[in-house]
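Engineer: The chain contents come next:
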Amino acid sequence: MQSLNSRAEALVKEVNPRLFYQRSVTNRLFFGVVLTTLSALLIMGILMAVYDLQDYRDNSIKDLNMQAELIGRAAVPALQFGDVKLAESNLLLLQVRPKIYAAALYDEDGKLFASYGHKDHVQLPTAIPAGDTIQVGEEIISIFKPIMQNNEQVGTIFLQADFLLKQRLLSYLGILLGVSSFALLVSLMFSYWLQLKIAKPILAISALARRVVESRDYSLRAVKTTDDEIGYMVDAFNSMLTEIEHQTQIQKDALKESELERERTLYISQHDLLTGLPNREMFNKELEEAIQYAKITDGTVHVLFIDVDRFKEINDSLGHYVGDVLLAAVAKRLRSHIRKTDFVARLSGDEFGIICRNQQRIDELASTLVYELSRPFNLDDHEVSTSVSIGITSYPEDSMQSTQLLMNADMAMYSAKNSGRAAFQIYTNELELASKRRHTIKAGLLAALTNNELEMFYQPVFSIKDNSLYSMEALIRWPDTMIPLLTPTELIDVAEDTGIIVKLGEWILRTACQHAREWQDYGYNLRVAVNISSRQLREPAFIQLVQDVLDENNLAPKYLDLEITERVLVENSAMNRDSIKELRAKGIYISVDDFGTGFSSLSYLKHFKVNALKIDQIFVKGLPSDKEDVAITTAIISLAEGLGINVVAEGIETEEQLKFLRSLNCHHGQGYIFSHPLSQQELTEQLRLRRWSMPPSLTAHVRAM
Amino acid sequence: MLVSFLILSTILLLGHAPWLKAKDSQAQGESTEEIKAAHIIRFQNYTTWPEEALPESTPLVIGVVGADEVAASLEHLAAKHEHSKQPIIIKKLESNGSLNGIHLLYIGQDRSLELSEWLAQASGRPILSVTDTDSTMPPGSMINFIEEDDRVRFDVSLTAAELSKIKLSAALLTVARQVYGGKS
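Protein chains in written order, with our numbering: chain A, 1 to 705; chain B, 1 to 184.
Simulated from the structure, these hints should not be mistaken for laboratory data. You may find that some hints are simply not true.
Claimed, not checked - Derived pair list, reagent style DSSO-like, types lysine-lysine, alpha-carbon separation capped at 27 Å:
hint	chain 1	residue 1	chain 2	residue 2
1	A	K99	A	K200
2	B	K165	A	K85
3	A	K312	A	K99
4	A	K111	B	K80
5	A	K609	A	K465
6	A	K312	A	K332
As the list claims (entries may be wrong) - What the simulated footprint calls covered on chain A by chain B, stretch by stretch (three residues with Cβ under 8 Å from a Cβ of chain B suffice, anywhere in the stretch; the number is not a length):
hint	stretch
7	221 to 235
8	466 to 474
For each residue, glycine too, the CB sits at the ideal point set by N, CA and C.
So that you can see chain A by itself, here it is in the shape it has in the complex (with noise of 0.2 Å):
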């Protein structure tokens, strides 16, 4: 209120002198038009007026004097013969001239003769004075005149006139204004037309200036009325809105264009286009109104953290085409579950993550997504089988903070993937541990693995019949870990999720092979297994590696046994495969890890010959006594005999065991009964003690050590 007044105040300051003036160019026209006329009608009626009145009292006094001469002349007869009736005729011609009101003839003795007034009052003059006389007043004028005749005078006339001076001047007046009042009419009708002709036009380009400015309409043309300058400045005016216009369309286009250009940035900023589903941004900021939104009304969000199963392997076994279309399909899959009041967004690669406001059956929702997404693909000709992990978490319950939620569905997912995959984890306190527990493992193998932390352990493998040595499985110990209860199982599952398996494996590799060139050159040409995981067998340079490690030790290939889980086997395609037979082909052992508990597929074993499979210890445990650890166990190494192949069992611990195996014909056998793990120096010693006997294969000259 306060400023709306000081605002009109203002606004009054600077109208009001301005008031003063006429603002308009139509009344200044207007004014100006009639003002330069009524000045120069009021300058010209006063000179003329002082000129006429100059000039018609000149004319009066000229005028006086004629008349005077006339009658005087006409009067000589009547006064040289004494005529007076004649002379006053002759004076009453004075009647047509009523200025003069009074007249008077004399005798050539200065006598009256004969006289004449239109008033009684007059008083004529008894002295006469000799010769011509004229006496000027203000408004009376009188004239003695001799009158003469053959050069002598026969008498004198007189005569009086008023100049009627104010009539002059009244009857100029009335005239005066009369010719102003028309000049008036003129110069009105006159600054009319000019204001048709020039103010109107210049007004309408003014107001078209002004609705211009207001409505940023410059598609507005003023009219052309005229040819001249007026009509030049229509078309000025005109041009240049066109200009403006031209200008401004350019401006708005290109200003449509980059709002396009905008639209199209903001929405790759946040639209993943492969699938067309929101990214982690748009996520991340959903996710963060959905969260202010339950605090507000006290409501619940459920997110679902995603990650299709093995992605990674059928990327690279069907082309990244094949995976690009499977990415697509999964995100419409899953799209076409969910309520439409979720949200679902490509978080990263293989990673899809869900919101769900308000969510009460959030396990009958991940269940039915993960039942979904393991239903077959058509793609482009490929059925491709797939399958997801889920990890869900919730607001409040689990955590308020967004990125807490994301970290722990991450940490759910990862828990439900641990768990053998297609399935959903729901977040718990126990996960979060675990994931501390992971995350503590990690960063300290990897400062140990830099600090030469770790130690190579060797589990000896031996012949069940002659008890001779069959080779040494390097296993990795990491001695002075702070960790508690941390088995060397977890140590290597933490470094396969983590990817620490490839430069581990690495150490392993490089590590166990110059060990077993140290043995060789003491003369034990013993062959060392190294346990090989899938991550591992997927670095397209790890043949070369192998290989490089085999050439920088001297080592043969036979000297070296890759321990491959039979689920690697079954689970990766040709590519695995290939690599595997490329390895078999340079002459390097292949042993199948863990036989019988990957999913039974036995054709891999047709494609390449493995050297060996390993009966894994579950089985071994409940030997002689349990029936179904005998039937596999006795298949396992019966299928081994048939193929032609070693078949090693592992976790022998007991006598029966052991005897049961031989009995089985089982070629050789690993286990506490034989030897616990043991460290290089360990094991250097037990060589060197000669305690147990070398293959007869391996066998070479042994040194003194």
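Go by the hints and put chain B onto chain A.
Structural biologist: Leaving out everything else, chain B in the frame of chain A:
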């Protein structure tokens, strides 16, 4: 033109001009004879003689028949004119006298018997004849004095004047009581 206008105006306005104030100058003591003499002198101002009859700078000769008082006044007035451009000579004429050299002939009232003879003699000659019959105008007379309302007035005969090739000015006619003859 102006003159005829003046005449017309006079006739028109004379009847109703109550403010006119007339003063009788003749009541101031001048005798009839003196007035007549003054008139006769003034007549020459309104008369044009043929060039051959009255060349320039020749004195005007006035012949007076009888009327001694008038003659005396005339001589008195002529004396005033002595040094003027045109001097005036007064010549008293006896009966059967010659009119040679006479420009203006005045025949007094007392010589009315000789009137016709004098007029006959003057007839056809460039002599302005002035008579004083106080009645009708005698034939051959150009100007004839008549006393009317105690004023000396005169009639004019343009016929006689034309016969003698004497021109009388229109101004004179305005003062005349009556005008005879003339073209109009």
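Engineer: Please go over all the hints and tell whether each is borne out by the structure.
Structural biologist: Taking the hints in turn, this is what the structure says about them:
1. For a cut-off of 27 Å, the pair hint linking A/K99 to A/K200 is broken: about 55 Å separates their Cα positions.
2. A threshold of 27 Å between alpha carbons decides the hint, and for B/K165 with A/K85 the separation of about 31 Å lies outside it, so the pair is violated.
3. Only pairs whose Cα atoms come within 27 Å are accepted, and A/K312 paired with A/K99 is rejected, the gap being roughly 135 Å.
4. Straight-line distance between C-alpha atoms of A/K111 and B/K80 comes to about 21 Å, which keeps the hinted pair within the 27 Å bound.
5. Taking the CA atoms of A/K609 and A/K465, the gap is about 24 Å. The hint holds against a cut of 27 Å.
6. For the proposed pair A/K312 and A/K332, the alpha carbon gap of about 20 Å is at most 27 Å, so the pair holds.
7. Counting residues of the stretch 221 to 235 of chain A whose beta carbon lies closer than 8 Å to any beta carbon of chain B gives 0, which falls below the threshold of three, so the coverage claim is violated.
8. With 0 residues having a Cβ less than 8 Å from any Cβ of chain B, the stretch 466 to 474 of chain A misses the three-residue criterion, and the hint is violated.
Of the hints listed earlier, those the structure fails to meet are numbers 1, 2, 3, 7 and 8, in rising order.
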